[in-house]
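Given next are the chains, with one letter for each unit.
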Amino acid sequence: MTTRTQGAPGTGAPLSVSAILFRIVGLAVIDAVALVFGIGLWYGGLGLAAVVLAAMTVVINVAFLSDRLMPVRWISPGLLLLTIMVVYPLLYTVYIALTNYGQGHILSKDQVIARFEDETYSGKSYSWVAYRSDGGEFLIWLSDPEGGEFLGDVQARTIAPVERADPRFGAIDPADNLPVAIDGFQKVPRLQTFQYLTRLAAERLQGEIDGAPAEIRIENLNTASLGQQKYTYDPARDVLVDNETGTEYVSREGFFTAPDGRTLTPGFAAFIGPANFVRVLTDPGIQGPFVGVFIWTFSFAALTVLLAFAVGLGLALVLNDKQLPAKGLFRTLMIVPYTIPGFIGILTWVGLLNPLYGPVNGILESALGIEPRWFQDGTLAKVALLLINTWLGFPYMLLVSLGALQSIPSEIYEAANIDGASPFQRFRTITFPLLLVALAPLLIGAFAFNFNNFTVIDLATEGGPPVPGSQTPAGQTDILISYAYRLAFAGGRGQDYALAAAISIVIFLIVAAITLVNFRLSRRVEQMV
Amino acid sequence: MHSTLRLGGALVALVLLLMACAGPGATTAPSATASAAPSAAASEEPTAAPSEPGASPTPTPPPAAEAGTLTLWVDETRAPVLTAIAEQFTADTNVPVAVYQVGFGDIRDRLQLYGPSGEGPDIVIGAHDWLGQLATNGLVEPLDLSAVSDKVDPVALGAFTYDTGEGGQVYGLPYAAEAVALYYNTEMVPTPPATWEELIELATDLQADAGLGLEQAYVLQEKDPYHSYPLLTANGGYIFGKNDDGTYKPDDVGLDSEGGLAYGRMLDQMVKDGLLRAGVNYDTMIQLFTTKKSAMFVTGPWALPQIRESGVPFAVAPIPAGAETARPFVGVQGFMVSAFAPNKELAVSFLTDYVATDTTMQSLFDADPRPSTWVPVAEAIDEADVQAFIQSASNGDPLPAIPEMSAVWTDWTDALDLIFTQAQEPDPALQDAADSIRALIAGS
Chain A
4 MTTRTQGAPG TGAPLSVSAI LFRIVGLAVI DAVALVFGIG LWYGGLGLAA VVLAAMTVVI
64 NVAFLSDRLM PVRWISPGLL LLTIMVVYPL LYTVYIALTN YGQGHILSKD QVIARFEDET
124 YSGKSYSWVA YRSDGGEFLI WLSDPEGGEF LGDVQARTIA PVERADPRFG AIDPADNLPV
184 AIDGFQKVPR LQTFQYLTRL AAERLQGEID GAPAEIRIEN LNTASLGQQK YTYDPARDVL
244 VDNETGTEYV SREGFFTAPD GRTLTPGFAA FIGPANFVRV LTDPGIQGPF VGVFIWTFSF
304 AALTVLLAFA VGLGLALVLN DKQLPAKGLF RTLMIVPYTI PGFIGILTWV GLLNPLYGPV
364 NGILESALGI EPRWFQDGTL AKVALLLINT WLGFPYMLLV SLGALQSIPS EIYEAANIDG
424 ASPFQRFRTI TFPLLLVALA PLLIGAFAFN FNNFTVIDLA TEGGPPVPGS QTPAGQTDIL
484 ISYAYRLAFA GGRGQDYALA AAISIVIFLI VAAITLVNFR LSRRVEQMV
Chain B
942 MHSTLRLGGA LVALVLLLMA CAGPGATTAP SATASAAPSA AASEEPTAAP SEPGASPTPT
1002 PPPAAEAGTL TLWVDETRAP VLTAIAEQFT ADTNVPVAVY QVGFGDIRDR LQLYGPSGEG
1062 PDIVIGAHDW LGQLATNGLV EPLDLSAVSD KVDPVALGAF TYDTGEGGQV YGLPYAAEAV
1122 ALYYNTEMVP TPPATWEELI ELATDLQADA GLGLEQAYVL QEKDPYHSYP LLTANGGYIF
1182 GKNDDGTYKP DDVGLDSEGG LAYGRMLDQM VKDGLLRAGV NYDTMIQLFT TKKSAMFVTG
1242 PWALPQIRES GVPFAVAPIP AGAETARPFV GVQGFMVSAF APNKELAVSF LTDYVATDTT
1302 MQSLFDADPR PSTWVPVAEA IDEADVQAFI QSASNGDPLP AIPEMSAVWT DWTDALDLIF
1362 TQAQEPDPAL QDAADSIRAL IAGS
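In order, the protein sequences belong to chains A and B. Residue numbers for the first sequence follow the numbering used here, so the first one is 4 and each next one is one higher. Residue numbers for the second sequence follow the numbering used here, so the first one is 942 and each next one is one higher.
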């Protein structure tokens, strides 16, 4: 018991045996889970992730078993999750951005080599019939179109020409001119052969055919073929040799490439350096609309936060009024938009705002005689998006504002009353600055979130309406992240994960920079108060 | 005392760790035990269960194919059909089959994700235009259908033929082909229009007749290249030029060809004349027809059940011709074998020797009446509307499967949007779209 008092400053109560047991069992569970995941990662080919996980697990164990590292103890699970959920994906994204991972380069090099080495050429074809013993052993009867017949022994992996006079052959079935049984091996009916296919196809039968060494393998229910391996990979020189033609394919930028420039399909994911970043920064197709998209992204995020905050705060002030009856009911109702899943809310709004059949236009037309072409006109589409996003965002602002309002001490207001401050003055000089101190970090968070709010854009407008005269896929309401999606996944050759990764890193840097500036500014605001 | 407890705890932790090891340790080498006696183990397995078959240690969403058990991924509409066929196959051959339901839209990407990791299926159901992704990435296996090729519709077989650079190979067994055709209300339209001129004339007359109460006589879904493609081909336009062997040329984009521009002007004029309107999506289109607020529209056989149910008297006709015959896009559905199938030979043989038969194809059609591409089955169909769709598909162009097609949709949709909303003249709208598509294809 002495170690505790010396080593754990700040812990007052003595540790009970059950508390120690609890800690140890907890650790054991964590370790067990980490081990299961770690082994899975290791064998799944994610060695780096497994090593990172192991290191983090060791840190946690040390932290919990050593009293000296007490402060690290409670932060270590957070660190672990941060590493797994944020740092590792970030590093992985950087890595992907430096490869050509995407359409045509999905498989790893090993997988591609294995696929090519599995291919065969020439291949005289044989039809075949299996004979099975009760013990599960097999003989294979092979017939070629010219009438040659061979008998393969699956156990010995051999093949030999058939002597029709062989005493092992029993009665001959007139239907196919084959023996019904061979020395205890019964002929397997065609439909029954299916179940042994995987097993038999795994075997290679070797022997001499027409005076040359041959290897036969079963291709499917009907054919077995005399195949030679088409490609062989030479790891020393990193080339794939075509055994049929002698062509050597060099591994180059994710393709096995022949000297004449032909490439083999499929290609594989390969490291190509900063090419994707260069493309993001120099390609006119990407750069062209970038400034416009960036300005709209910034205004979309800023206006969303501003509007949602204004509505939320306004309602919070009303709901905070002591004279308001049925306050609880109103508060509950105001939270409802927050509880409806975003994609339902968004799609409902899209329906409401349908220019032809939507009720919003129905009302506007009968009341004012106007029919705004929501979603068909760039400016109106932006207005509609802000409207939808304000609707989705204000309950959150209402919630946090309500909480913050309650934390402002009422004495200040009493003092203000005595000084004869008007309600507006009270709001401007007391409520708002004090609220801002508490809420500034949340507003920054909301801004960063909306900066990358792909869901709203994609569900409401899909980036549209298109820009007339534009030659890039950017629409008038595309924000950076939806634009990146369009570039990477609706682009020339399908999915380009590597380009998407490169663009997301650029966006990440932009958001990080803006957030940093925001924090600086908000700290200044706090200091001013 | 404290330190003793701590040591004991460490031991407990170690023991638990060792216990944890045993689990994944066993799963890392399942092939050795499974393949040693596949027949014995296999016959004990539950058959054709849409739920978890036997002991599968991995909780990953779409379950993996185990050596010995043939695993199929199919979408929800075809899962019951294939479960029945799988049960019959198990009864006939003693091979256990597991049919798993995976959303049609997810099959392709999940095959890409789970196939190479060894957790994928043996066989998937899919559309032929997935080949651009699946074949290019080496995820599906070529099939030898030469034995049955005379029983498969040539357009469908061509659609499932893909050239990755070493000559075209067949990558799937087609079983149904879908293409759009003209639905018309037989009360208002006694004989279907044979040309677009007739259709426009008829639509103008019908819309002028206030007694009918039509909102729109002819409805075309807005911003939808797929449904408007037959109009493009009727005007002599095209998306990609074709090589002599029927494969598409990605460097020849024809959206702004003479025929393409004629298509744009025709749509533009129809919008100006009030015959087409922006803001009509697929659901609105169906709803207008079933409530007799429109008399004609174009879509595929998937709408048949809904239209039949509505009780509106209708018939289906080929899409009217223009300067040329209207060729709709044909989408062919079929079975593909994963390149990473644990039972590849079994999977291939299941398709070529069990599914590709009159009996199985007939039961597929009976349970899920999509226009069959199996010639003997297709010829025996007596429903006039299904026959009309088969007719329409046989005139059509396979939806281009080349990866470059993904560059086309966005810009084409945008051009249609601009024409429908009259935000831009049709000629520049289509020219911009075509230029943008060319730039995308060249830049990738």
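The hints are simulated quantities; they were obtained by calculation from the structure and are not laboratory data. One should not assume that every hint holds.
The calculated lysine-lysine pairs, modelled on DSS-like cross-linking and capped at a C-alpha distance of 30 angstroms, are [as the list claims (entries may be wrong)]:
id, chain 1, residue 1, chain 2, residue 2
1, A, K385, B, K1213
2, B, K1234, A, K127
3, B, K1183, B, K1092
4, B, K1213, B, K1183
Verification of the hints:
1. With a C-alpha separation of about 26 angstroms, the suggested pair K385 of chain A and K1213 of chain B falls inside the 30 angstroms cut-off, and the hint holds.
2. Simply put, K1234 of chain B and K127 of chain A have alpha-carbon atoms about 64 angstroms apart, too far for the 30 angstroms limit, and the pair is violated.
3. At roughly 25 angstroms between alpha-carbon atoms, K1183 of chain B and K1092 of chain B fall within 30 angstroms of each other, so this suggested pair holds.
4. At most 30 angstroms may separate the alpha-carbon atoms for a hinted pair to count; K1213 of chain B and K1183 of chain B exceed this at roughly 33 angstroms.
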